[in-house]
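Asks: Next come the chains, spelled out residue by residue.
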Amino acid sequence: MANEKKFEVHLLPDLLPVYYGRLFPYEQYYKWLSYGNVPKTYFPHREFSFTLADDIYLRPKDHRTVTAFVPLEKELVFDIDMTDYDEVRYCCSGADICLLCWKYMAVAVEILDIGLREDFGFNHILWVFSGRRGVHGWVCDARARSLSQLARSAVAEYLQVVRGGENQTKKVIFNSSDLHPFINLIPDPELRENLSKVMPKCCNSLQRWETIKNEIEGMKNKKKSFTHLTTEIMFQLIYPRLDINVSKGINHLLKSPFSIHPKTGRVCVPFNASDAYAFNPLRVPTISDLIEEVGEFDKTRTGEAVKITDYKKTSMKSSIFVFEKFLSGLSKENAARRLEENGWCMI
Amino acid sequence: MSFSTGKAMITYFHTKIIMEIYSTKAFRRKQKILVESSYSSSLQFYSEPPTGNITLKEFDELSFLRAIERINLSGHAKNSEEWMQKIFEDFQKNKFFIISADKIGGTKNEDVINARRKDHLSHFILRLAYCRSEELRRWFVAQETDLFRARFVRVAKMGADFSSFLKENNLHFSQISEEELKQESVNLMMATYNINSVDQLEDKTFFKVPFVEALELVRNRKVFLKKGFAYVPSSDLVTLVSTVFRSKLSQALTATYKALPQIEDDERLYSLKDFDKRHTGSDYSQKKSASGQQITPEMLNHLSTTSFPLCMRHMHEYLNTQHHLKHGGRMQYGLFLKAAGLKLEDALKFWRSHFTKNMDVDKFEKQYAYNIRHNYGKEGKRTDYTPYSCMKIITTNVGAGDCHGCPFKHNDSNILKQKLINYQVSSDIVNEILDLTNKHHYQIACQRYFEAKHHSTIESGVNHPNQYFEESVAILHGTKTPNKAASTPNIKYQHSVLTSQSQASPSTQSQNAADISGVESMLFDDDDDMDDALFEVAMQTDVNS
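As they're listed, the protein sequences go chains D and Y. 41 is the number that the UniProt record's numbering gives to position 41 of the first sequence; each next residue is one higher, with no gaps. 261 is the number that the UniProt record's numbering gives to position 261 of the second sequence; each next residue is one higher, with no gaps.
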């Protein structure tokens, strides 16, 4: 692909000041995290952490001098990391990602987005590509920000279906249960044998799945554990795999939207859940792309009187629109909260 | 149960003390003096402290809590019919006053009122004893909540009307309309636990509450959720009420704990000081090392085969082959090693030697060394972290790629079998172990493994990996004569996860505990986690108020 040219990590120290000086969307960012400044101290009390070269973390609190620093609120966050899918993906592993495995992410975003909106009634959810191989979800409703740790862990566990460690091959069991590694998911020796006979005849994954479905269907009446077997296999293979410890706490650091991934140089851009399938992580601009684009733009438009904001000259523009749309939804909630704080009632 | 055996026990004291204590500044609560005869319901939220004179006999509530703990550990699924039955059989047999307290409509009956008053008094005395450490608070809240729950269900079955109880305690849950019930019937049927057909919805009523009020049901996906509301069937009212009970109690305990310094000096309460210690196990957070010894990274390969419980041995071997452990594993194994006597420098050396096979030293130092120092209390909030107990390990959440947890619970049985065979456990024992794990008796299974390895048994049962380790080292070093494992399968078990024999004082009420021949198994609900979180929240809100 055209923009898959290797990002040169050693350029970062030169590029970052330019990016944060000219391109980072401070205005929108402040608008987001101040949440209408209800209460007034909301933004000033926000914790930010900065990571220096060589992964040195700066957190503004020093436990040796301050003891009463306690996190009170935070967005409810979700972290989906491609490495948790290693046992079900065959294209890449570890930190690598390709368009094939992005589908897992798209499925995860779709499912979580619906669950959070329909079941839990949250409205302000920002999905952000983490810059390399994962996705972060920020649930920003006032109701979500003030959830207790107990409630966060209940939400996370409600949404987490795939569990079980290295020594449990079947990780999804519905109430009433590893092969091609597929076949190992099938607990019944008879069915397993049947399948290993017919499977090699299939030539694509669609056919294989149809074969499995038919075989299970044929044996459904024989055993109780077969009732949900197809669904269980589907869940184990594609259901979102959450790092739920991230969601449970309120002191966990999560990479900020619009920051730059230090290894890939890509911007952590927000995207719409509805566009998740079309999103291409390999096309997300890197910091050097952006700076080049600004240069290109300025070259062609010298001498114009109207000043254009720098980010609008780049391919990051569309991501900022996504962010702004999210913010306009949020601002309605902020306005209602401000009225309420002042003793007004929204009708 | 009485205190007549305790020589030095005070036999009489004044509740006025308690009144004073509960009206200290820390409480900032308006005191409402209860009229003695106003116990209108069987159950109480214990919102107000009692008044009047009381004797130390009124500690009795502790025996119920211990009875419940015992039954929880004897393999009955919590909240099941059977569990309820066992509890009340036990109460009946021991003539506990709870039985009379729970009589319905007994507001005119003197016995009933006395029993309710006793319930009230002993609860408050126990609060004073059990607020002193997080471990104690967690234990107390867990047992009290179970007791409350069991009583609630029983009283409900006897046909009690809770409306006045709910009103007195300011609990209001709104019911959904017929219309809404019809509209959502399919969803309610699909999502509600124990309801499998639309017909079953006929005579049901549902409460619609913000989902945060029904977290237990949400966590287990047992309830229908829509737009942030949980639709809780009236049969689960007990879950809603006991959730409130639990959170109120843990907040109250935290508040009592904060007020302790002002109370501590009162000599009338002196006897309470050590009261709590009799009911917690030995404290592994304070342990310097196993039998005062230190272990080094070089010893681990050997020790893991001779003296580590299966969970730790498994992680050690995983580390030897993969040179990596995920967070949960690093915590479980790392803290175990700390308590087993591995010093910080050695721990850093040990983890570094493995992790740097996959990454450069730099990355290790930046991403992992911090956490190791953190575990030893050298970073962050500087808490010296406690190694995980069996209870915590068994109830832990094991996700994809994790290899921590309890192998007897979290491993597929064929994998467990293979592993045991590789460790040269005889096939009889292997089968017995697999059988035990199928019945959820994970700790007994672990004990069998211990016996197979040592030809000796742990009298008190396995309840902590470090206890396993210390017992093993003691036997192998000959500092302890091996107890021949009982040849009959019915070994007597000393008691539970939370008791230590060493600290039992003559006046404890543990005689019951000694003769339980039952089997222990852990219930895998999330009490532990929940209480952790609750206390954290309670502490936090307090700091900031």
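The set of hints was computed from the structure by calculation and includes no laboratory data. A portion of the hints provided could be inaccurate.
[Unchecked claim] Stretches of chain D that chain Y covers, calculated by requiring three or more beta carbons in the stretch to come under 8 Å of a beta carbon on chain Y:
#	region
1	83-92
2	114-123
3	140-152
Quantities reported herein were computed from a predicted structural model and do not represent experimental measurements. Heads up, the beta-carbon is just placed ideally off N, CA and C, and yes, glycines get one too.
Asks: State for each hint whether it applies.
Replies: Against the structure, the hints:
1. 83-92: holds (count 4)
2. 114-123: holds (count 5)
3. 140-152: holds (count 6)
The structure is consistent with each of the numbered hints, conforming to all of them.
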